[in-house]
Amino acid sequence: MTCAEVQKLLTAYTDGELDLVRNLVIEQHIQDCGDCQKLYQSQQNLRKALRTGSLYYAPPPGLDKRIHKVLLKENKPVRAAGWSRRWLAIPVALVIFLGIGWVIVQNLTGASKTERLSQEVVAGHVRSLMVNHLADVISTDQHTVKPWFNGKLDFAPTVEDFSDKGFPLAGGRLDYLDNRPVAALVYHRREHTINLFIWPTETGSPRLETQNLTRQGYQLFYWAKGSMNYWVISDLNGAELADFVKLVQSQ
Amino acid sequence: MKLFQEQTRLIRFEQIILPHLAAAYNLARWLTRNDQDAEDLVQEAYLRAFKFFDSFQGDDGRKWLLTIVRNTFYSRLSQQRRLTTDTAYDEELHDGGSEAYNPEKLVLQNMDKKMLEQALEELPLAYREVIVLRELEDFSYKEIANLVGVPVGTVMSRLARARKSLQQGLGQRLKVEVRDDLR
Numbered sequence: 001m002t003c004a005e006v007q008k009l010l011t012a013y014t015d016g017e018l019d020l021v022r023n024l025v026i027e028q029h030i031q032d033c034g035d036c037q038k039l040y041q042s043q044q045n046l047r048k049a050l051r052t053g054s055l056y057y058a059p060p061p062g063l064d065k066r067i068h069k070v071l072l073k074e075n076k077p078v079r080a081a082g083w084s085r086r087w088l089a090i091p092v093a094l095v096i097f098l099g100i101g102w103v104i105v106q107n108l109t110g111a112s113k114t115e116r117l118s119q120e121v122v123a124g125h126v127r128s129l130m131v132n133h134l135a136d137v138i139s140t141d142q143h144t145v146k147p148w149f150n151g152k153l154d155f156a157p158t159v160e161d162f163s164d165k166g167f168p169l170a171g172g173r174l175d176y177l178d179n180r181p182v183a184a185l186v187y188h189r190r191e192h193t194i195n196l197f198i199w200p201t202e203t204g205s206p207r208l209e210t211q212n213l214t215r216q217g218y219q220l221f222y223w224a225k226g227s228m229n230y231w232v233i234s235d236l237n238g239a240e241l242a243d244f245v246k247l248v249q250s251q
Numbered sequence: 001m002k003l004f005q006e007q008t009r010l011i012r013f014e015q016i017i018l019p020h021l022a023a024a025y026n027l028a029r030w031l032t033r034n035d036q037d038a039e040d041l042v043q044e045a046y047l048r049a050f051k052f053f054d055s056f057q058g059d060d061g062r063k064w065l066l067t068i069v070r071n072t073f074y075s076r077l078s079q080q081r082r083l084t085t086d087t088a089y090d091e092e093l094h095d096g097g098s099e100a101y102n103p104e105k106l107v108l109q110n111m112d113k114k115m116l117e118q119a120l121e122e123l124p125l126a127y128r129e130v131i132v133l134r135e136l137e138d139f140s141y142k143e144i145a146n147l148v149g150v151p152v153g154t155v156m157s158r159l160a161r162a163r164k165s166l167q168q169g170l171g172q173r174l175k176v177e178v179r180d181d182l183r
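Chain order of the listed sequences is A and B.
With the numbering used here, the residue at position 127 of the first sequence is 127, and numbering never jumps.
With the numbering used here, the residue at position 77 of the second sequence is 77, and numbering never jumps.
Any given hint could turn out to be false.
To be verified - Below are the DSS-like pairs computed for lysine-lysine, each with C-alpha atoms no more than 27 Å apart in a straight line:
#1 Lys63/B with Lys165/A
#2 Lys48/A with Lys142/B
#3 Lys8/A with Lys164/B
#4 Lys38/A with Lys114/B
#5 Lys63/B with Lys65/A
#6 Lys175/B with Lys38/A
#7 Lys73/A with Lys63/B
#8 Lys165/A with Lys246/A
#9 Lys48/A with Lys51/B
Hint data in this document are derived by calculation from the structure and do not stem from the laboratory.
These numbers come from a predicted model, not from an experiment.
Okay, chain B solo, but in the shape it has when bound:
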């Protein structure tokens, strides 16, 4: 009977959680910025999720799984941080200055995928993840707040700053490209 129960638990888990593999991988890929690390992260997250499946309240499997992907990533990161100190992150530092930027220079229609990808990859983690959760996963502010574990107001300000630095990053890329074209 125990074996049978374990089987049905696995079947149930795979039925409810496995369909969100694409979302899990996408988030993992954007967090790690690397194919192999993303795959490892997703596998580890699925194992963890399976372990804690009894704590799943049955509301939103995608949000639940992505929370675990994210937590797994950060606990790995803190292990690595002990070895190397990098990407010290400070919200104020990444504010990108308070002077107004000129939106007219941003001809976003000309933007190709590669540029967008690079600009998003260059964002600090805390910004990158809110953009992915908002624009690619279409979560509401409240859901993101819940998933990331910060107040809704913080989600809003992070998104604002994230978009600003994204636009700045794209603006610089466009400038470089124009210069190359003129040469």
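One chain only, chain A, in its complex shape:
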């Protein structure tokens, strides 16, 4: 390679973006050629100066709050113009009234226990994301998370870290589902959060094969095995979440 050719690739070489072969050629050339070496050195110096020169501009204080406000405003549903709140109150009251009635009927029939539970799971998941209350014990170590539940629950959930499979454990917390305290384990997959809820089944209830639901954009899986109920929820896509479910079931 001539000096001109080397110098053309020097930028990519400095950035470590060259393939192995050309990388070696240039490395060799730089050792032998004083001019190219100086050029390389100056590139390195510039790089170092840029990276350590604290050229990063920090956002002004409070900008995150201002953006939050703007987003909240944007998120508000548009109200029908010209409607006074008083007139709206009647249908709203009616809807609430009917809603309460519906809930009572649902509870009485008990037909949709799963439906109710799935709503509770969604609510639990969203709540956990909402107020920085994802985990009471923040640890990626299963040997820290598991003992934490001791004395807080009347059962001992299995806790396992799946970091090597791409689902690192992030922590655990107590939650309340199906009228009882339950263990909630938190896992991550890239930017996504997965909540795994575990609690004992009622005595005598049968084993339940894996079921899948979609509620409000969330994927839910649930099953019962070895006298425990398991519910998994995340905004992760169904296929990857199913992988996670298989990992949990293989414990």
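Following the hints, put chain B in place on chain A, whose structure we already have.
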């Protein structure tokens, strides 16, 4: 239920995208070269991002957000350009000449932050942004190519030219400073 869904969408958005505020602001500040414009740009970009959040594939929130910051900036710029014609930019024109420059004159250790800042600010936009994305955000060539919307080869040549003109800019600054010292 609709309200509830909207709430969770906002929560999800803020969880995934708001943590990249520092990167968004930094890029905006380097593009606009002005505090107030940078803040406006970031706010507008966040609004846009929220609008298009459903198109987010969930891979790299920072890259996704910075792409929007950049697009927002350029669409604003083209609106302003209709009023004023400035900074017509030509890659070849900014090549900085083909004669070799003398690296020995560049005593970069003596460089202070102010000088670096000014030299970087003076670079044409297309150069400035690749330097920021590469050196301050540490994106790979491929990621930059993706973000800027040009081939990887173009990223490489732009970076090379950007560094060259940056060094020249710094060299001139140092010369001026030395002259002032001698006076």
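How the hints compare with the structure:
1. Lys63/B with Lys165/A: 25 Å, holds
2. Lys48/A with Lys142/B: 22 Å, holds
3. Lys8/A with Lys164/B: 11 Å, holds
4. Lys38/A with Lys114/B: Holds: Lys38/A and Lys114/B sit about 25 Å apart, inside 27 Å.
5. Lys63/B with Lys65/A: 22 Å, holds
6. Lys175/B with Lys38/A: Distance of about 19 Å is within 27 Å: holds.
7. Lys73/A with Lys63/B: 25 Å, holds
8. Lys165/A with Lys246/A: Roughly 11 Å separates the two Cα atoms, so the pair holds.
9. Lys48/A with Lys51/B: 38 Å, violated
Going through the hint list in order, the structure does not satisfy hint 9, though it satisfies all others.
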